[in-house]
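Student: Please build the complete structure, drawing on both the sequences and the hints.
Heads up: the sequence lines are chains P and G, in that order.
FYI, the numbering for the first sequence is 20 to 505, going by this note's numbering.
FYI, the numbering for the second sequence is 2 to 142, going by this note's numbering.
Hints in this document: simulated from the structure, not taken from any laboratory.
Only a predicted model underlies this, so the values are computations on that prediction, with no experimental measurement involved.
The beta carbon of each residue, even a glycine, is placed where N, CA and C say it ideally should be.
Every clue listed holds true.
Within a straight-line C-alpha distance of at most 20 Å, the following computed SDA-like cross-link-like pairs (lysine to any residue) qualify:
{"#": "1", "chain 1": "P", "residue 1": "K159", "chain 2": "G", "residue 2": "V142"}
{"#": "2", "chain 1": "G", "residue 1": "K82", "chain 2": "P", "residue 2": "V164"}
{"#": "3", "chain 1": "P", "residue 1": "K163", "chain 2": "G", "residue 2": "I81"}
{"#": "4", "chain 1": "P", "residue 1": "K159", "chain 2": "G", "residue 2": "I108"}
{"#": "5", "chain 1": "P", "residue 1": "K163", "chain 2": "G", "residue 2": "G83"}
{"#": "6", "chain 1": "G", "residue 1": "K58", "chain 2": "P", "residue 2": "E210"}
{"#": "7", "chain 1": "G", "residue 1": "K58", "chain 2": "P", "residue 2": "S209"}
{"#": "8", "chain 1": "G", "residue 1": "K126", "chain 2": "P", "residue 2": "E275"}
{"#": "9", "chain 1": "G", "residue 1": "K90", "chain 2": "G", "residue 2": "E102"}
{"#": "10", "chain 1": "P", "residue 1": "K159", "chain 2": "G", "residue 2": "N114"}
{"#": "11", "chain 1": "G", "residue 1": "K90", "chain 2": "G", "residue 2": "N70"}
{"#": "12", "chain 1": "P", "residue 1": "K43", "chain 2": "P", "residue 2": "G26"}
{"#": "13", "chain 1": "G", "residue 1": "K82", "chain 2": "P", "residue 2": "R211"}
Quick partial rundown of chain P residues pointing at chain G, CB under 10 Å, derived from the structure:
{"#": "14", "residue": "Q64"}
{"#": "15", "residue": "G93"}
{"#": "16", "residue": "Y94"}
{"#": "17", "residue": "K159"}
{"#": "18", "residue": "G224"}
{"#": "19", "residue": "R279"}
{"#": "20", "residue": "G465"}
Here's the letter readout for the chains.
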Amino acid sequence: MSEIWQGPLEKIDDFRWRIPRSYKPGMRVPGVIYADEKLLKDIRQDKAAEQVANVAFLPGIVNASLAMPDIHWGYGFSIGGVAATDIENGGVISPGGVGFDINCGIRMLKTNFQYDEIKNKIKDLVYVLFSDIPSGVGSKGDIKVSAREEKDILIKGAKWAVEKGYGSAEDLECTEEYGAITGADPDAVSERAYERGKAQSGTLGSGNHFVEVQMIDQLYDADLCDEFGLTEGQVTVMIHSGSRGLGYEVCKNYSESMMRCLQKYNINVPDKQLACAPVNSPEGKAYLGAMKCAANYAWANRQCLMHLTRQAFERTFNMSWQKMGMFLIYDVAHNIAKIEKYTLGGQEKTLCVHRKGATRAFGPGHPALPQRYKRTGQPVIIPGDMGRNSYLLVGTQKAMEETFGSTCHGAGRLKSRTAATRSISLDRLLKELESKGIIVKATGRGTILEEAPQAYKDVNEVVNVVHNAGISKRVCRMRPLGVIKG
Amino acid sequence: MKNYEIIDHTADIGIRVGGGNLAELFSNAAMAMFDIIAEVGSSTRQITNSPISTSVKLKADSLEELFINWLNELLSLSAIKGLIFFDFKIKKIQENFLESEAVGQNIENYRVNTEIKAATYHQLKIEKTTSGWQAEVIFDV
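Tutor: Next up, the structure:
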């Protein structure tokens with residue numbers, strides 16, 4: 020592992036730490052990291068904090084380069100970073116601030132089952148999920164689309180899937196951007212990207228993507244749980260995936276073209292992977308149009324995966340998904356750039372908010388929320404590693420004021436994949452998981468080890484920080500029962 | 002024998018790889034990448050089908066860009082054609098131009114370990130050494 024980061028971290032309070040602008044000439048704003056003392060020690064173990072400082076170089080960046088407690092070393096931007104740029108003031112958009120897996124995200128659905136009712140069927144269920152959901156590197160699905168239909172997916176997102184019969188209109192209401200962000204420009208997407216997207220709708224992919232059956236093991240807010248219809252012991256499901264090869268291709272195409280923009284627009288950034296262009300430039304607009312296409316593809320993909328999940332439950336329990344109460348709570352993106360309005364210093368500003376490994380967390384009353392969540396605030400879904408917990412939170416007004424309506428996205432890696440593979444044996448890990456009653460099925464041989472709980476920070480500590488800092492609020496906690504991975 | 006080393010990186014995987022000349026460097030880097038994906042370097046691999054050859058021609062503004070484009074082009078072709086590449090014949094190479102044949106086999110013949118999304122410019126190093134060339138690159142996995 021790399022050496023310990025020695026840069027300055029000034030304590031603002033127990034959960035906020037500042038990297039002052041003076042740390043590096045060229046920083047336009049300070050960096051702010053949300054963490055407690057313990058997590059801060061882990062954060063110093065790699066170069067993530069340096070990357071927070073590097074992001075502060077971006078033209079038009081406002082307030083601060085932010086990092087959530089699950090922050091870790093990425094390429095260019097850290098994972099767990101939030102950066103907002105002022106569009107009217109030369110603000111830039113950076114493909115590296117979104118990532119290769121555009122709109123990698125997560126959705127959570129509930130069921131009417133209590134764990135005790137189905138505990139003997141969990142193993143069967145996991146095996147059916149594993150056989151019905153295409154997973155693994157380069158996995159291709161049964162949902163094949165023509166080139167014309169693919170364009171439709173890029174514009175309509177999850178709505179395309181619902182029109183095909185893969186879900187209901189209610190699902191769309193419970194998806195960020197109602198499952199399709201407006202302004203997608205299919206002409207800005209390369210032929211190669213289309214080609215890669217053709218056969219991958221309704222496929223999980225590999226790495227940290229998963230479908231996980233869980234049960235609620237702790238309630239934090241009785242009112243909110245009532246509102247969401249959640250009780251202790253209830254079985255829930257999480258689905259984590261993204262835009263697959265289509266998204267990687269879009270990111271790659273525009274990272275390349277934006278490398279040339281650095282000179283053209285006279286932009287100075289300390290890492291080439293921070294290549295960017297003004298949001299209002301032709302290059303910026305083209306990337307945004309293409310990124311939105313990939314985002315919509317991802318929402319369609321998660322909608323298809325949810326359809327396959329519901330079918331697997333139907334096959335296992337011989338009941339319709341509606342009867343099993345398999346309703347979507349919410350779907351959130353955690354690798355995306357969004358054009359959003361905020362009030363800064365008494366003035367309304369249109370900002371380009373990059374969330375790279377960060378989740379939107381809009382507070383109660385926000386106009387972007389559907390009626391059903393106006394009172395509660397936006398549901399925020401935080402998956403942990405496969406051996407510990409996951410969380411349902413809601414967004415808060417404080418997040419609107421402090422973090423451009425953003426919060427953490429998961430546990431955050433602690434160990435590199437190679438270190439994880441070295442330090443844990445597969446047999447021991449599977450025994451450990453089995454002793455906790457967790458059934459795991461994975462396509463890739465290396466995946467289980469690379470994704471071992473020991474490779475991650477403790478999600479409980481991460482969520483503790485965002486809850487105590489007030490940028491989101493705990494609703495309930497889940498623990499895993501069965502998981503399928505790529 | 003592996004002719005590359007793994008560099009630790011929290012979220013991703015990096016490699017350090019060398020070659021006597023540019024052609025060897027590019028070929029060894031590609032080999033290392035597919036070794037991470039599907040252990041193409043392992044001697045236990047069985048070739049069951051006849052290999053499929055694909056031509057790759059690239060232009061770039063710099064050697065760094067050529068290197069990254071080369072690796073990313075192979076990842077794209079691998080995904081689209083469903084192939085794992087294991088042999089790279091670099092026919093012509095300059096700092097801004099490359100012409101090669103990549104030879105691969107159907108992905109179903111391999112035990113696939115890891116997906117690589119892309120090769121990144123983050124901390125990319127390509128250097129001339131006393132014995133030839135050395136490169137360090139970090140992959141997004």
